[in-house]
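Enquirer: Listed below, chain by chain, are the residues.
Number of protein chains: 2
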Amino acid sequence: MTQRYALKIQYLGKNYKGSQKQVGVNTIQDEIEKALCTLIKESIKTIFSGRTDAGVSARCQVLHFDSNLIIENEAKFLNSLNALLPDDIRVFEIAKKDKTFHAQKSAMFRHYKYTIRNDFVENVFDRCVLFCKYKLNANRMNEALQYLLGEHDFSAFKSKSDNPACVCNIYFAQAKRSSDGKYITIDIIGNRFLYNMVRTIVGTLLMIEKDNLEPLSMFEILKSKERANAGATADAKGLILETVGYDNCLEYINKYIGKVHK
Amino acid sequence: MTQRYALKIQYLGKNYKGSQKQVGVNTIQDEIEKALCTLIKESIKTIFSGRTDAGVSARCQVLHFDSNLIIENEAKFLNSLNALLPDDIRVFEIAKKDKTFHAQKSAMFRHYKYTIRNDFVENVFDRCVLFCKYKLNANRMNEALQYLLGEHDFSAFKSKSDNPACVCNIYFAQAKRSSDGKYITIDIIGNRFLYNMVRTIVGTLLMIEKDNLEPLSMFEILKSKERANAGATADAKGLILETVGYDNCLEYINKYIGKVHK
Numbered sequence: 001m002t003q004r005y006a007l008k009i010q011y012l013g014k015n016y017k018g019s020q021k022q023v024g025v026n027t028i029q030d031e032i033e034k035a036l037c038t039l040i041k042e043s044i045k046t047i048f049s050g051r052t053d054a055g056v057s058a059r060c061q062v063l064h065f066d067s068n069l070i071i072e073n074e075a076k077f078l079n080s081l082n083a084l085l086p087d088d089i090r091v092f093e094i095a096k097k098d099k100t101f102h103a104q105k106s107a108m109f110r111h112y113k114y115t116i117r118n119d120f121v122e123n124v125f126d127r128c129v130l131f132c133k134y135k136l137n138a139n140r141m142n143e144a145l146q147y148l149l150g151e152h153d154f155s156a157f158k159s160k161s162d163n164p165a166c167v168c169n170i171y172f173a174q175a176k177r178s179s180d181g182k183y184i185t186i187d188i189i190g191n192r193f194l195y196n197m198v199r200t201i202v203g204t205l206l207m208i209e210k211d212n213l214e215p216l217s218m219f220e221i222l223k224s225k226e227r228a229n230a231g232a233t234a235d236a237k238g239l240i241l242e243t244v245g246y247d248n249c250l251e252y253i254n255k256y257i258g259k260v261h262k
Numbered sequence: 001m002t003q004r005y006a007l008k009i010q011y012l013g014k015n016y017k018g019s020q021k022q023v024g025v026n027t028i029q030d031e032i033e034k035a036l037c038t039l040i041k042e043s044i045k046t047i048f049s050g051r052t053d054a055g056v057s058a059r060c061q062v063l064h065f066d067s068n069l070i071i072e073n074e075a076k077f078l079n080s081l082n083a084l085l086p087d088d089i090r091v092f093e094i095a096k097k098d099k100t101f102h103a104q105k106s107a108m109f110r111h112y113k114y115t116i117r118n119d120f121v122e123n124v125f126d127r128c129v130l131f132c133k134y135k136l137n138a139n140r141m142n143e144a145l146q147y148l149l150g151e152h153d154f155s156a157f158k159s160k161s162d163n164p165a166c167v168c169n170i171y172f173a174q175a176k177r178s179s180d181g182k183y184i185t186i187d188i189i190g191n192r193f194l195y196n197m198v199r200t201i202v203g204t205l206l207m208i209e210k211d212n213l214e215p216l217s218m219f220e221i222l223k224s225k226e227r228a229n230a231g232a233t234a235d236a237k238g239l240i241l242e243t244v245g246y247d248n249c250l251e252y253i254n255k256y257i258g259k260v261h262k
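Those protein sequences? They're chains Y and E, same order as listed. Under this note's numbering, read the first sequence as residues 1 to 262, first letter to last. Under this note's numbering, read the second sequence as residues 1 to 262, first letter to last.
Derived by calculation from the structure, the hints in this document are not laboratory data. Being a predicted model, the structure only gives us computed values, none of them experimental. Nothing false has been slipped in among the hints.
All copies of an identical chain are treated as equivalent in the list; a pair is satisfied when it fits inside any one copy or across any two copies.
Derived SDA-like pairs: lysine to any residue, alpha-carbon spacing no greater than 25 Å straight-line:
id, residue 1, residue 2
1, Lys182, Ala83
2, Lys14, Leu84
3, Lys14, Arg59
4, Lys255, Tyr183
Taking the hints into account, I'd like the entire structure generated from these sequences.
Expert: Right under this line is the structure:
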């Protein structure tokens with residue numbers, strides 16, 4: 001009888017072709033499975049909560065695996081595992097789970113954050129931030145985002161034609177300028193996201209701003225279900241998977257808003 | 001008659017052998033002078049407020065140069081200059097100055113910040129942060145730092161024997177744990193700093209913690225004037241030159257404390 005374990009990991013996406021294992025390219029899942037196999041000396045298969053695209057980072061990605069190993073000292077296990085991982089991937093939590101837990105299927109929501117430095121010059125200390133010199137209006141962007149709330153067919157924001165299930169439920173969406181005025185952060189929380197969907201939504205916000213369209217355009221683009229109407233897919237470098245949630249989303253949103261608005 | 005200009009720049013030190021021009025190695029000053037010469041089409045010599053060591057970063061370093069060029073559109077000049085610089089160096093301000101202004105000699109104070117992640121696991125999003133797993137006591141470190149305030153001979157914290165003038169005046173020194181408990185930041189503000197001095201002070205704080213010495217040891221080490229009594233030079237990667245000041249230091253300190261303690 002094997003034991004199921006859940007891991008919480010974080011990574012910088014820059015050096016990887018996404019999170020999901022693929023033949024011939026370097027991915028987050030490859031690195032994690034390689035390290036687990038070396039440490040546990042078993043062939044380990046991991047299930048991620050979902051895939052992040054090439055170049056996308058994660059502050060908290062969740063995955064599970066089953067193993068014959070009974071881990072007694074969890075801190076020591078994490079230390080050993082991290083020592084086997086590249087510097088840009090770290091495991092920061094391990095937990096024993098029932099077999100009913102499934103990193104992907106049990107997930108209740110995902111929270112993505114896209115950050116834009118909107119100033120006349122870059123900041124060399126920034127990580128995972130898109131630079132945009134063109135002055136953006138965060139209030140207008142926020143207004144446009146509200147049209148995405150609720151359950152909709154997001155075909156207009158998908159990047160590949162091969163995904164037939166395009167209905168997603170967006171629980172929270174916000175664009176906000178930082179207190180120093182130099183950054184705009186875009187938070188989107190939903191039950192699921194299509195391939196490239198967050199980046200295409202951000203690209204559409206940038207299009208609305210640059211072409212001086214009405215925020216209502218977002219609603220029209222959504223309703224059209226036509227990818228051609230949306231903006232270009234924004235660069236992966238600005239995107240972070242903030243967290244994957246397995247509990248009440250409303251509680252999480254309230255806590256999160258309280259934190260960023262304090 | 002040439003015009004004197006002051007530039008404010010920021011950089012990541014990781015890829016450079018320090019700020020100061022040296023034959024055969026890559027430095028911040030080399031990159032800045034190369035970009036200025038290309039843009040202005042004059043041979044430009046820059047004077048920095050002071051040098052930062054190999055691997056040390058700066059959030060605000062100041063330098064001046066003289067040129068025959070009359071810069072009319074400063075924003076455009078900065079844009080063109082930044083386009084000629086590597087991604088890890090950015091110029092964010094240019095100002096016309098009288099010939100009485102001297103980036104090094106007119107400086108009233110320098111503010112250095114050293115950041116330590118003091119948790120069981122690294123954070124992949126960190127930049128310019130030293131990782132230390134060993135649990136540190138920020139209160140004890142802060143107490144030790146207070147013995148450095150005022151004018152002293154800092155020979156105990158110098159790294160090279162060839163500097164005869166070792167008297168520095170420290171105006172402010174603070175070690176503080178972050179609100180999430182995972183970081184310790186060490187701020188030191190003084191009129192001048194010896195080569196490697198801040199890093200050796202930080203190394204001494206780490207020695208005091210690891211060897212469980214009394215905070216008063218800092219005072220004894222300072223008074224001994226013996227480098228052998230101080231701790232090892234802490235890694236350059238945690239150090240940032242926060243700013244160089246040309247005005248009243250007290251005003252700056254009050255404003256800074258107000259900001260970090262809010």
